[in-house]
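With the hints as your guide, set chain B onto chain A.
There are 2 protein chains.
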Amino acid sequence: MSWLDEIKWDEKGLVPVIAQDKDSGRVLMFAYANREAVALTAEKNTAHYWTRSRQKLWHKGEESGHFQNVSAIQFDCDGDVLIYQIEQVGGIACHTGRSSCFFRTLLNDEWVITDQVIKDPSTIYGSTNKP
Amino acid sequence: MSWLDEIKWDEKGLVPVIAQDKDSGRVLMFAYANREAVALTAEKNTAHYWTRSRQKLWHKGEESGHFQNVSAIQFDCDGDVLIYQIEQVGGIACHTGRSSCFFRTLLNDEWVITDQVIKDPSTIYGSTNKP
Chain A
0 MSWLDEIKWD EKGLVPVIAQ DKDSGRVLMF AYANREAVAL TAEKNTAHYW TRSRQKLWHK
60 GEESGHFQNV SAIQFDCDGD VLIYQIEQVG GIACHTGRSS CFFRTLLNDE WVITDQVIKD
120 PSTIYGSTNK P
Chain B
0 MSWLDEIKWD EKGLVPVIAQ DKDSGRVLMF AYANREAVAL TAEKNTAHYW TRSRQKLWHK
60 GEESGHFQNV SAIQFDCDGD VLIYQIEQVG GIACHTGRSS CFFRTLLNDE WVITDQVIKD
120 PSTIYGSTNK P
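Residue numbers (numbering that gives the first Met the number 0), protein chains in the order written: chain A, 0 to 130; chain B, 0 to 130.
Same shape as in the complex, but just chain A (with noise of 0.2 Å):
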């Protein structure tokens, strides 16, 4: 039996994928992915997800050179969640040019941003050549 097959995929195909900072520890993302994106992260070390607005594979930084280099997988007791362990290129994970996707804080009952853009999104998405 494969370690794929040990994965529980939803009823979409799908398992939910914590992105974490290998370093830092931080949180920078969270998607899905399907068998063919798992087995890809972890064949080329280089995170794959599905894409569910898309409805596509999705090679993290296919666009925006924001690639993730993994260096680990994990998996949970219930068999049904992935951590991927990243190092994230140009240390921008979100589409809003910011380090994290979690860049919001709950204070006094509303949502804070807490998180600065880095990069203008505009000038991340529409080329491929980014760093």
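Derived by calculation from the structure, the hints in this document are not laboratory data.
Quantities reported herein were computed from a predicted structural model and do not represent experimental measurements.
One thing to keep in mind: the hints can contain errors.
What the hints assert, rightly or not - Capping the alpha-carbon separation at 20 Å, the derived lysine to any residue pairs in SDA-like fashion look like this:
id, chain 1, residue 1, chain 2, residue 2
1, A, K118, B, D77
2, B, K43, B, H58
3, B, K11, A, S52
4, B, K7, B, D77
The following block gives chain B in isolation, referenced to the frame of chain A:
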């Protein structure tokens, strides 16, 4: 509009929640919460979830004593995932008696247990008087 209305609840009225140790940064758990659970978490600063297997509100620690003191709630760019930044009472988040639910790592195409059991689960559950 309440901050709770800004959360994009899924078709079951749930939102995925990542529980992260506020000091070490380790991801300890992944679960789901409904509106009531998130509201209670923010109000009482102790983690609440919705258990999909038991279909009920779940005050983490109610059986094990392993409550999670919540110091911050973070929110992602798409508005559909939360992080609870927590202090894990007892140092055990997982029902297997381990620190984290993510105790398996992919090594040479196998899921290898890379975390030890801190406490026998049979001694954790069945008592509500654990520290």
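Output the numbers, in ascending order, of every earlier hint that fails for this structure.
No hint contradicted; all consistent.
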